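*Asks:* Given next are the chains, with one letter for each unit.
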Amino acid sequence: MSVQESIRLSYQGEIALLEFDLIGEKVNKLNTPIMKRLHEVLEEVRTSKARVLIIRSLKQKIFIAGADIEEIKSMTKRDEFEKAVSEGQSIINMIEDLPMPTIASIHGACMGGGCELILACDYRIASDDSSTRIGLPETKLGLIPGFGGCVRLPRVVGVQAALEIILQGKTVVAPKALKMGLIDKCVHQGILDIETMKWANEIIAQGAHKRRKVFQPKNMMNKVLESFLGRPVVFSKARESVLTTTHGHYPAPLRAVDVISKTYGMADRAEALRIECEGFCDLATTDVSRNLIHLFFLMEMVKKQTGLPETSTASAKPVEHLGILGAGTMGGGIAYVAADKGVHVRMKDINNDALARGFKHAYDLWAKLLKRRSINKFEFQQKIDLVTGGLDFAGFGQMDVVIEAIVEDMEIKKKVIAETAKHMRPDAIIATNTSSLSVTEMSKGHPNPAQFAGMHFFNPVHKMPLVEVIRGEQTSDTVVATIFELSKKMGKMPVVVKDGPGFLVNRLLLPYMAEAAFLLNEGMSIEVVDTAYVKEFGMPMGPFALMDEVGLDVCIKVLRIFKKALGARIEMAPCMEALEKTGRLGRKNGKGFYTYNEKGDRSSVDQAVYADLGLKAPHNPLTTKECLERGLFMMINECSAALYEDRIVETPHEVDLAMIMGTGFPAFRGGLLKYADSIGSEYIVDQLESYAVSKGARLKPQNPLRNMAKTKRKFYS
Amino acid sequence: MSDRDVVIVEGVRTPFVKAGGALKNVHAADLGKTALKELIAKTNLDVKLVEEVVIGNAGNPVDAVNISRVVALGAGLPLATSAHTVHRNCASALESISSGYERIKSGTMDVVVAGGTESMSQMPLLMGSAFTKLFEKLGAAKTVGQRLSILGSLLKADVKQIMDMMTTAPLAETPYKPIIGVMKGLTDPFVGINMGQTAEILAKEFGLSREEQDLFALSSHEKSVKAIQSGRFKEETTPVFLPPQYSEVVSDDIGPRDGQTLGALAKLKPFFDKATGTITAGNSCPITDGAAMVLLMSREKAKELGYKPIASIRSYGFAGLEPERMGLGPALATPLALKRAKLSMKDIGLVELNEAFSAQVLACMKAFDSDQFAQARLGQSNRIGAIAPEILNVNGGAIALGHPVGATGTRLVVTLMKEMQHRNVQFGLATLCIGGGQGGAMILEREA
Chain A
34 MSVQESIRLS YQGEIALLEF DLIGEKVNKL NTPIMKRLHE VLEEVRTSKA RVLIIRSLKQ
94 KIFIAGADIE EIKSMTKRDE FEKAVSEGQS IINMIEDLPM PTIASIHGAC MGGGCELILA
154 CDYRIASDDS STRIGLPETK LGLIPGFGGC VRLPRVVGVQ AALEIILQGK TVVAPKALKM
214 GLIDKCVHQG ILDIETMKWA NEIIAQGAHK RRKVFQPKNM MNKVLESFLG RPVVFSKARE
274 SVLTTTHGHY PAPLRAVDVI SKTYGMADRA EALRIECEGF CDLATTDVSR NLIHLFFLME
334 MVKKQTGLPE TSTASAKPVE HLGILGAGTM GGGIAYVAAD KGVHVRMKDI NNDALARGFK
394 HAYDLWAKLL KRRSINKFEF QQKIDLVTGG LDFAGFGQMD VVIEAIVEDM EIKKKVIAET
454 AKHMRPDAII ATNTSSLSVT EMSKGHPNPA QFAGMHFFNP VHKMPLVEVI RGEQTSDTVV
514 ATIFELSKKM GKMPVVVKDG PGFLVNRLLL PYMAEAAFLL NEGMSIEVVD TAYVKEFGMP
574 MGPFALMDEV GLDVCIKVLR IFKKALGARI EMAPCMEALE KTGRLGRKNG KGFYTYNEKG
634 DRSSVDQAVY ADLGLKAPHN PLTTKECLER GLFMMINECS AALYEDRIVE TPHEVDLAMI
694 MGTGFPAFRG GLLKYADSIG SEYIVDQLES YAVSKGARLK PQNPLRNMAK TKRKFYS
Chain B
81 MSDRDVVIVE GVRTPFVKAG GALKNVHAAD LGKTALKELI AKTNLDVKLV EEVVIGNAGN
141 PVDAVNISRV VALGAGLPLA TSAHTVHRNC ASALESISSG YERIKSGTMD VVVAGGTESM
201 SQMPLLMGSA FTKLFEKLGA AKTVGQRLSI LGSLLKADVK QIMDMMTTAP LAETPYKPII
261 GVMKGLTDPF VGINMGQTAE ILAKEFGLSR EEQDLFALSS HEKSVKAIQS GRFKEETTPV
321 FLPPQYSEVV SDDIGPRDGQ TLGALAKLKP FFDKATGTIT AGNSCPITDG AAMVLLMSRE
381 KAKELGYKPI ASIRSYGFAG LEPERMGLGP ALATPLALKR AKLSMKDIGL VELNEAFSAQ
441 VLACMKAFDS DQFAQARLGQ SNRIGAIAPE ILNVNGGAIA LGHPVGATGT RLVVTLMKEM
501 QHRNVQFGLA TLCIGGGQGG AMILEREA
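Taken in sequence, the protein lines are chains A and B. In our numbering, each number is its position in the first sequence, counted from 1, plus 33. In our numbering, each number is its position in the second sequence, counted from 1, plus 80.
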């Protein structure tokens with residue numbers, strides 16, 4: 034990369050043009066060499082005769098995407114961060130301090146450091162293109178804005194809007210940015226350059242004055258909230274809402290509130306920025322931040338992947354028409370995510386009422402977007418129009434892919450797959466959304482098993498980002514790549530897994546849920562266990578709530594299948610056996626470990642469940658540490674076998690991505706195996722050994738894990 | 081047989097549902113999309129091949145003036161595909177097919193989607209002239225004072241409206257009452273009489289008794305009910321799902337009455353001529369919502385793509401007559417179509433003649449079988465040829481199914497071609513009368 038060429042300076046009369054165009058990179062980002070070059074260029078501008086400076090980007094849909102996260106990742110020591118941040122701050126200060134007014138002319142992504150850079154400019158104009166998004170996503174990486182964002186954004190848009198952006202790591206589109214005062218003008222991309230120049234000339238004509246925009250609240254309510262009287266209320270509300278959503282597991286948003294409340298209105302810029310820098314450095318060295326950055330790279334990794342090893346030359350085929358067999362919860366959910374991204378969808382089911390439920394499922398989700406004004410009524414109609422349905426195979430001759438989401442029964446599925454294939458083109462693909470049946474076995478139903486794969490979505494489909502792409506023994510490379518790409522098109526995170534009981538995620542979750550039942554058997558209460566997992570560990574829900582979601586009948590059925598396939602390490606607690614006869618199915622019949630209200634929302638633990646299962650009233654004999662360890666270590670234990678013996682996936686990265694995206698495993702822990710590495714394989718093996726002695730042989734550490742402990746190896750080497 | 085023969089590959093319609101019923105909240109464009117999407121699915125059509133979408137519609141919804149384009153895009157046709165709407169009143173959806181036929185026959189195109197859609201439920205109420213003037217003034221008002229004074233007049237006009245509603249006949253027009261769009265549409269703009277009154281004229285001129293009209297209506301219901309119950313109409317209909325609740329799925333026509341009796345029909349009062357009239361709501365077609373679509377191709381294109389067409393189009397004809405006798409339209413259009421097809425009525429094995437009114441159908445039957453009519457109106461010495469009752473509207477017609485004005489033409493063609501297959505009939509006739517004083521006819525030949 035030629036740093037010199039990456040930021041260019043030119044002059045058009047009295048106007049200086051500073052253009053970002055990182056050589057050899059797709060996006061503009063800020064790192065040490067670039068900042069150094071920026072420093073140089075600004076120095077030149079400062080001493081030039083230019084009366085206005087325009088800052089713009091020559092990239093297609095990127096202004097400045099933010100700081101170079103690779104670089105942040107490579108730094109570990111506090112003084113490294115301190116140096117980088119304070120130097121960055123002073124370069125951004127140079128923009129603010131230039132003798133001539135500055136205009137940021139923004140088209141494309143303007144995030145993080147990019148947003149902080151435009152905040153230091155006097156004037157801001159942006160294109161109204163949908164690619165133009167302005168915001169500060171730092172908290173998503175466990176950080177806070179460090180180049181003056183915490184200080185300048187509240188000044189420009191007010192405390193309330195600034196908190197909304199910074200705490201949630203949000204980005205806003207240009208019209209919204211205009212409304213909140215983050216930019217001054219919003220024009221069509223085609224005339225952005227012309228309008229910017231026109232504005233520059235106007236500013237010159239008016240005497241080339243500098244400006245420091247200060248937010249002016251509009252109505253009475255906002256005037257009060259933005260005043261010195263109202264602000265403490267705003268800050269304390271913000272803290273409260275962060276704590277309720279994160280259970281205190283994420284320090285960055287809280288720190289952002291602190292920094293903003295301390296620095297707001299501070300006359301001493303240097304001091305304000307010092308406070309911000311301190312906050313940044315404190316956070317940058319936390320595990321939470323390291324783990325969130327790890328997750329960021331996992332997601333970037335998927336963007337670049339094709340689902341195939343590098344040696345394969347196959348490529349994905351485009352999917353325009355998607356068929357779905359079964360318009361149930363999964364089918365309807367899949368129809369929604371596909372049509373939402375412009376894929377033509379046709380559902381097939383056995384009667385019109387079933388189809389109607391599928392239509393309604395998708396319709397209701399779009400209706401929510403309409404209500405929130407994320408889409409307008411025309412976009413709403415267009416999306417609905419993409420979903421059709423029928424009782425026969427009409428239209429299947431046009432399908433590129435058909436996803437099967439019917440009843441979980443191997444024989445029925447095979448028969449339906451064989452019948453469906455007759456109505457499809459030979460080059461079209463059938464994928465099964467099975468969660469527990471063998472894809473290889475099922476592929477025998479297809480006349481050409483190479484055209485068959487698994488595509489396992491998680492419930493609820495529109496919320497859970499993971500898709501397990503299951504490669505059957507005969508699945509072709511093209512099919513894997515096509516399903517992988519289709520998942521991405523649907524806005525999902527695909528992970529390719531090998532066929533095997535429960536594939537990856539369910540294989541790990543099952544021993545975890547099974548172990549929870551043992552805890553129940555030993556006298557633990559459902560509340561104590563679930564609360565520990567949620568509040569202490571950070572899971573989105575505890576194992577009992579999860580079992581209710583999955584369906585208790587399904588849990589028992591799958592447990593039996595696993596026991597057959599995996600042997601002694603899968604055991605069923607006596608209370609699980611008893612559960613079968615109680616008629617409790619979980620959320621779907623409103624009766625499980627929890628009770629559910631009419632709307633189907635989980636309300637509270639059903640205290641009758643203990644007696645129903647033949648258990649005494651819970652007396653909670655175990656520590657929450659043991660409860661957590663037994664569940665989590667069972668997952669890690671099973672994972673060592675899945676990863677190293679059965680090679681269900683190839684890398685720990687895929688495990689962590691899958692667990693975070695598919696089960697809501699706490700992102701701040703970086704995934705199951707990052708968590709395992711943080712406590713060490715020796716400790717896990719020791720604990721499992723001792724639990725195995727007192728609580729049952731199922732807890733014995735697996736060989737691969739034992740070997741890791743012996744050689745003190747980590748999952749991530 | 082020629083490569084440029086125009087064949088109908090497939091046809092689909094929605095159920096026809098009496099206006100104000102289950103489909104009243106479904107936009108005409110959505111009805112059209114439902115039928116077209118199913119047509120595309122049923123034929124596994126590569127939509128990129130479609131060169132033109134021609135859709136008939138009489139009501140012209142204000143939010144979808146070229147409704148054909150709205151239907152086409154919503155049904156998944158590419159942005160690049162041309163689409164236009166045609167209007168020939170009651171025959172708009174026959175016009176769409178004839179228009180597609182011409183494009184293909186001439187060699188200009190190979191693949192055309194034709195059809196029609198109508199929501200008579202959603203035809204608008206229009207403001208009375210007094211209100212229109214006031215709103216115009218309001219728009220032009222410059223000062224607050226002017227605006228306030230106009231708002232005062234509006235209030236007065238509201239009071240007048242209420243008075244008019246209470247004191248005048250329901251259909252009587254005043255400057256204050258809202259104008260019912262659908263009633264306007266059913267009134268001839270040239271001679272100023274309602275379609276029902278045109279039927280009264282025919283009933284009287286042809287001496288048609290109330291009883292024979294009611295009998296004809298009864299048989300229409302009986303035949304339609306049978307076609308529904310036997311599943312015959314399932315071959316041509318696709319269900320309509322109803323958002324936002326989706327609790328109801330309309331999969332059958334709603335109009336035909338099982339258990340309709342002559343006694344019940346006899347009880348109805350004449351609607352248009354209370355004293356001496358015979359036309360009642362029971363022997364007229366109801367206003368209705370529905371859509372129908374067909375896929376047209378040149379024979380060579382259909383062959384190339386491996387389709388087995390259902391019928392080919394032999395000819396069509398449209399002809400005009402006095403608006404007040406519009407119901408006789410089929411008797412003027414059919415001879416034209418027969419001549420162009422080089423066929424005579426004897427060759428026709430099945431007829432779909434739209435049932436706007438019993439009287440109008442019965443009048444047509446008499447006219448078809450009359451030398452005198454042929455001599456006076458067609459300038460030919462011999463009658464067109466009788467329509468045997470057993471080949472006429474064998475699955476019932478509009479009196480039971482209803483007549484969504486802009487969709488009926490295609491519905492007749494779809495029902496006819498499917499029935500020609502069942503009965504192994506070589507030639508079939510679809511014909512209808514057209515408000516404003518015209519008739520339309522189309523002759524189909526069954527494809528093996």
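In case anyone wonders, no lab produced these hints; they're calculated from the structure. Be a bit skeptical, because a hint or two may be false.
[To be verified] In silico DSS-like pairs for lysine-lysine, Cα to Cα no more than 25 Å straight-line:
no., chain 1, residue 1, chain 2, residue 2
1, B, K284, B, K349
2, B, K122, A, K448
3, A, K393, B, K104
4, A, K477, A, K393
5, B, K122, A, K455
[As the list claims (entries may be wrong)] Label-pair restraints from in silico Cβ distances:
no., chain 1, residue 1, chain 2, residue 2, range
6, A, L424, B, G339, 25 to 33 Å
7, B, S162, A, M443, 43 to 51 Å
8, B, T188, A, P493, 46 to 54 Å
9, A, Q249, B, T248, 55 to 63 Å
10, B, L218, A, R406, 29 to 37 Å
[Unchecked claim] Derived coverage of chain A by chain B (criterion: at least 3 residues anywhere in the stretch with Cβ under 8 Å from a Cβ of chain B; other residues may be distant):
no., stretch
11, 215-227
12, 292-300
13, 447-454
Predicted, not measured: the structure shown is a model, and the values here were computed from it. Glycine included, every Cβ here is placed at the ideal spot set by N, Cα and C.
*Asks:* For each hint, tell me whether it holds in the structure or not.
*Replies:* Going through the hints against the structure:
| no. | hint | result |
| --- | --- | --- |
| 1 | K284/B with K349/B | holds (17 Å) |
| 2 | K122/B with K448/A | holds (23 Å) |
| 3 | K393/A with K104/B | holds (19 Å) |
| 4 | K477/A with K393/A | violated (34 Å) |
| 5 | K122/B with K455/A | holds (15 Å) |
| 6 | L424/A with G339/B: 25 to 33 Å | holds (29 Å) |
| 7 | S162/B with M443/A: 43 to 51 Å | holds (49 Å) |
| 8 | T188/B with P493/A: 46 to 54 Å | holds (50 Å) |
| 9 | Q249/A with T248/B: 55 to 63 Å | holds (59 Å) |
| 10 | L218/B with R406/A: 29 to 37 Å | holds (30 Å) |
| 11 | 215-227 | violated (count 0) |
| 12 | 292-300 | violated (count 0) |
| 13 | 447-454 | violated (count 0) |
Comparing the model with each numbered hint stated earlier shows that hints 4, 11, 12 and 13 do not hold.
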